[in-house]
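K.L.:
Residue strings, one per chain:
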Amino acid sequence: MAANFWTSSHCTHWILDRRRVAEAMKEDLEYVNIDTLTKIKMWYYGIIGKIGKRLQFRQQVVATAIVYFKRFYTKNSMRSTDPSLVAATCIYLACKIEECPQHIKHIIQEMKHALANLGGFDYDTSKVAEFEFYLLEELEFYLIVYHPYRDLTLIAKDLKLEESNLQTAWFVLNDSYRTDVCLFYAPHMIALAALYIICVVHAEQYNDNNNNGGGSGRAGGGSQNNPTTSSSSSNEGQGINNRNMVQWFADLNVDIEEIIEITQEILSLYSIWKDYEEEQVPAMMQALKMEFDENYELMDPQLEGMQ
Amino acid sequence: MEEQEEEEVQEHFDLPPMNMTEYKQKRDSCRQKIASKYDILGFISSGTYGRVYKAKSKIKDDNKEYAIKKFKPDKEGEAATYIGISQSACREIALCRELHHENIVGLEEVLLEDKSIHMVFEYAEHDLLQIIGFHSHPERKFMSEYTVKSFLWQLLNGVAYLHANWVMHRDLKPANILVTANGVVKVGDLGLARLFYKPLQPLFNGDKVVVTIWYRAPELLLGSRHYTKAIDIWAIGCIFAELITLRPIFKGEEAKVENKKTVPFQKNQLQKIFDILGNPTKERWPTIDQQPEYPNLASFRQTPNVLRSLYQQWPIKSEQGCNLLAAMLEYDPLKRITAEEALNHPYFQEDPKPGLDSFAGQPVEFPLRRITNEDKDMRATANVQKTHPVPAVKDDRLTKRPRVDA
Ligand SMILES: Nc1ncnc2c1ncn2[C@@H]1O[C@H](COP(=O)(O)OP(=O)(O)OP(=O)(O)O)[C@@H](O)[C@H]1O
Ligand SMILES: [Mg+2]
Chain A
1 MAANFWTSSH CTHWILDRRR VAEAMKEDLE YVNIDTLTKI KMWYYGIIGK
51 IGKRLQFRQQ VVATAIVYFK RFYTKNSMRS TDPSLVAATC IYLACKIEEC
101 PQHIKHIIQE MKHALANLGG FDYDTSKVAE FEFYLLEELE FYLIVYHPYR
151 DLTLIAKDLK LEESNLQTAW FVLNDSYRTD VCLFYAPHMI ALAALYIICV
201 VHAEQYNDNN NNGGGSGRAG GGSQNNPTTS SSSSNEGQGI NNRNMVQWFA
251 DLNVDIEEII EITQEILSLY SIWKDYEEEQ VPAMMQALKM EFDENYELMD
301 PQLEGMQ
Chain B
1 MEEQEEEEVQ EHFDLPPMNM TEYKQKRDSC RQKIASKYDI LGFISSGTYG
51 RVYKAKSKIK DDNKEYAIKK FKPDKEGEAA TYIGISQSAC REIALCRELH
101 HENIVGLEEV LLEDKSIHMV FEYAEHDLLQ IIGFHSHPER KFMSEYTVKS
151 FLWQLLNGVA YLHANWVMHR DLKPANILVT ANGVVKVGDL GLARLFYKPL
201 QPLFNGDKVV VTIWYRAPEL LLGSRHYTKA IDIWAIGCIF AELITLRPIF
251 KGEEAKVENK KTVPFQKNQL QKIFDILGNP TKERWPTIDQ QPEYPNLASF
301 RQTPNVLRSL YQQWPIKSEQ GCNLLAAMLE YDPLKRITAE EALNHPYFQE
351 DPKPGLDSFA GQPVEFPLRR ITNEDKDMRA TANVQKTHPV PAVKDDRLTK
401 RPRVDA
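These protein sequence lines map, in sequence, to chains A and B. So for the first sequence, full-length UniProt numbering puts the first residue at 1; every next one is plus one. So for the second sequence, full-length UniProt numbering puts the first residue at 1; every next one is plus one.
If you are wondering where the hints come from, they were derived from the structure by calculation, not from laboratory data. Hints are supplied without guarantee of correctness; some may be wrong.
Partial pick of chain A residues on the chain B-facing surface, computed with a CB cut under 8 Å [stated by the list, open to error]:
id, residue
1, S8
2, S9
3, C11
4, L85
5, I97
6, P101
7, Q102
8, K105
9, H106
10, F133
11, E137
12, Y142
13, D255
14, I256
Heads up, simulated BS3-like pairs for lysine-lysine below, C-alpha to C-alpha not over 30 Å straight-line [to be verified]:
id, chain 1, residue 1, chain 2, residue 2
15, B, K24, A, K112
16, B, K335, A, K75
17, B, K72, A, K26
18, B, K141, B, K33
19, B, K335, A, K157
A virtual CB, placed ideally from N, CA and C, is assigned to each residue, including glycine.
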C-alpha cells in the first residue's frame, strides 16, 4: 500500500470512470451550467485551503480533505447536500488521517469565519461528528490518499531540477486539486503533467511571450485563489532546456497521451479561473439551491407526485 | 444569467436552509443491519477501544467465523452525542483497509450501526498471550522449538510486510498477536500503527507513549523523538524470549504519569533491561548521549551482559537462536536487525525449519477462545470494566496498558 500505489485502495477503488462522475453532476447541472458548478466547487476548495492555511496544515492535509470532498461528490449532488458541512467534515477527517488531529470545535469556528457572508455555518460538534459517519461510508472507509507531491520531489531530484522550477511545479500541483484530475489519474502521472506544464508548455509560452512581448495567464492579483503558475510562468521557463525535456518525456515509459490530457485539464482550469470572481459565488449557490417551485414547469408533475 | 447574478451580488444572501434530512434518510434506508448479515455467537472481550464479538456470516456458503470489533460510541458525558471518531479507530480503519497479507489480520468490512463503528475481522481462535498462558500451567511443558520458530518467523513476516509498507505497528505484544486454529499468525490491533514515510511530520507528534512497557524499546524509554520501525523489532525480540521461557523477559514496573506535561522516566523498566543486557555504552550505542534521558543513566549500577549465559539455561539450545535474539535486542536502533534481515537469519535455515502451521505435529490441544453469552445483541454501552475471559492464569498484563492516545 503505502509503498505500492498499485495495490492501494486509491488505485484499485478510487481511480474513477468519467461517466460516473458525470452521472453525479446531472442533478446539479439542471440548475447551473458546468462552468458555474466548477466555480462553486472551486470556491469550496478555496475554503478548505484557507482553513488549512489559517490552521497551518501541511499542503498534504488540505489535499486529502479536497480529495475526500471530491470523492463524496462523485456520489451525491451539491444540491441535495450541504457542501459546507461536507467540507468541514472532510477537513476534520483528513486531519486525523494525516496525523495532525484538530479539535472539531476549531474547525467549526474556522468554518463559521470562512462562511460569514455565505449563509454562515450552523452546525455544532455533534452534527459534524454525526456526518463523519456518513462521510466514512461514502468513502467506503478507504481513507489513505496518495498525492503527487512525493513523486514530484523524487522526479525533480532525478532530473536535478532547479529549486525555482520545483517550486513552480509544486504550485501547479496545488492548482491541480481544483480540477478533477486526482479522480481519474495516478498521482505520478499528475506529477509528470505538472512538470510537463512548467517544462514544455510554459517554456513554449515563454518563447511566444518573448516574441510578442505579452505576459501569459492572469496576472497574480493578491488573492490566494489565483493560479500561482500563470503569473510566474513568464520567467520560470528560462532555466529549462525545452528540447531536452521534450526528449525526456518521450523517453519515459509512460503514456504521454495521458500526461497531455492531464495537462489540458489543468490548463483549462486556468481559463475558467480567469473569469472567476468570488463575489459571484453566493448568487451561483442560490441558483443551485433554487426551490423546486421556482423551477421550470418540467418539475411540476414530479412535485405533485411527491405531495 | 451572468448579468442577473451580477445584480444580485449586492443583496444580502440567505440560502434556503440546508437540512440534510433527505440525504440521511436515503443513506440510512439502504444501510444493511449487522443482524441481517451476521449471527452474533457471543462476546469475546472488551478492550481499550471497544468490545469484540464472535460472529458467523448469515450467507449460506460462508462458513468462516468473524470477530466484530465494536468501537465504543464516542460520546461526551452520559448523553450519547457524537464527538467524532477516535484517532485510533481512524488509524486502524485506514490501515487495515489497505493491508492484505497472510500474517496480518484481515479486515472483511466496516459497518456503521448504533452510532458506532464495527470492524469485521477474520476470526482468530488464539493469541500468543493465551497460548503462553496455557503453557505456563505448572503441569505443562514449554512450547516446542518448531512452534516457537514458526510463530516467530510468521510474526516477522507480517511485520516485514508492514515495514515494507512504511507502517509501524507500535504496540506489538502477545495479546495483539493472533493465531488461527490452523496455527497461522495474524498480527492484530493496528490501533496505534501509523505510517512513517511522511517525512514532514515528527512521529513524536501527539501520542506521547507507545508500546506496552515490557515491550518498549530502550530508545523510547530514553525519550527519543526519532524512533523508527526498530521499536517493533525490539518488541519482537521480547516476544521471542517470552515464547521460549513463558515469562516476560523485561518485566518492569511502570512509573505512573504524574502530570500530563511530563513523561515519567521509566527507571525500573530500564533496570530490568540492564540486568540482562548490561548497561548501554557509547561503544554499543554511539548516539546514546543524544537521548533526552541520557543524563539519568548515571544513576544506574554497572551490570554485565548476561543474555548468553541466561539463554543457555533456556529450553531452546540453538546458538543461532541466541544470535538472532541478541540482534533483535540490540541497544542501538541503527544496529538492530531489520525484519527483512531477520527472516533471512541462519536460525531459520536450521532444523526444525519454521512452517505455515505452527501447531503441526504438536500433541497439545489449545482450548478454544472463550466466548460468553452476555450482550449478544451488542447493546452494552456502559463503560463495562475490562473483561478478558480467555487466559485461565492470572496475568496482570491485562490491566496494564500504558497507552496514551493522541
Ligand atoms: N480477529 C480476532 N479474532 C479473535 N479474537 C480477536 C480478534 N481481534 C481481537 N480479538 C480479541 O479481542 C481483544 C481485543 O482486541 P484488540 O486488541 O483489537 O482491541 P483493543 O481495544 O485494542 O483491546 P486491548 O485494549 O485489549 O488491546 C484481543 O486481545 C482478542 O482477545
Ligand atoms: Mg489489543
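K.L.:
With 8 Å as the cut and Cβ atoms as the points, is A:D255 at the interface with chain B?
P.N.:
Since the shortest Cβ distance to chain B is 25 Å, the answer is violated.
K.L.:
Have a go at the A:I97 hint: is there a Cβ in chain B nearer than 8 Å to its own Cβ?
P.N.:
Hint holds; A:I97 Cβ to chain B Cβ min 6 Å, cut 8 Å.
K.L.:
Can we keep the A:E137 interface hint, with Cβ of chain B closer than 8 Å?
P.N.:
holds (6 Å)
K.L.:
Take the C-alpha atoms of B:K335 and A:K75, compute the straight-line distance between them, and say whether it is at most 30 Å.
P.N.:
violated (50 Å)
K.L.:
Would you check whether A:P101 satisfies its interface hint, that is, whether its CB is within less than 8 Å of any CB in chain B?
P.N.:
For A:P101, the interface hint holds, since the closest Cβ of chain B sits about 5 Å away, which is under 8 Å.
K.L.:
Per the CB criterion, is A:S9 less than 8 Å away from chain B?
P.N.:
For A:S9, the interface hint holds, since the closest Cβ of chain B sits about 6 Å away, which is under 8 Å.
K.L.:
Restraint: A:Q102 near chain B, CB-CB cut 8 Å. Satisfied or not?
P.N.:
At about 10 Å, which exceeds the 8 Å cut-off, the nearest Cβ of chain B leaves the hint on A:Q102 violated.
K.L.:
Please verify that hint: A:L85, Cβ, nearest Cβ of chain B, below 8 Å or not.
P.N.:
It holds, given that the least Cβ distance between A:L85 and chain B is near 7 Å, below 8 Å.
K.L.:
Between the alpha carbons of B:K141 and B:K33, is the straight-line distance 30 Å or under?
P.N.:
violated (46 Å)
K.L.:
Taking only the CA atoms, is the gap from B:K72 to A:K26 under or equal to 30 Å?
P.N.:
It is violated: about 39 Å lies between the C-alpha atoms, which goes past 30 Å.
K.L.:
A closest beta-carbon separation below 8 Å is what the hint needs, so does A:Y142 meet it against chain B?
P.N.:
Result: holds, 6 Å to nearest chain B Cβ.
K.L.:
Is the shortest C-beta separation between A:S8 and chain B less than 8 Å?
P.N.:
holds (6 Å)
When the structure is compared with the earlier hints, violations turn up for hints 3, 7, 8, 9, 13, 14, 16, 17 and 18 and for no others.
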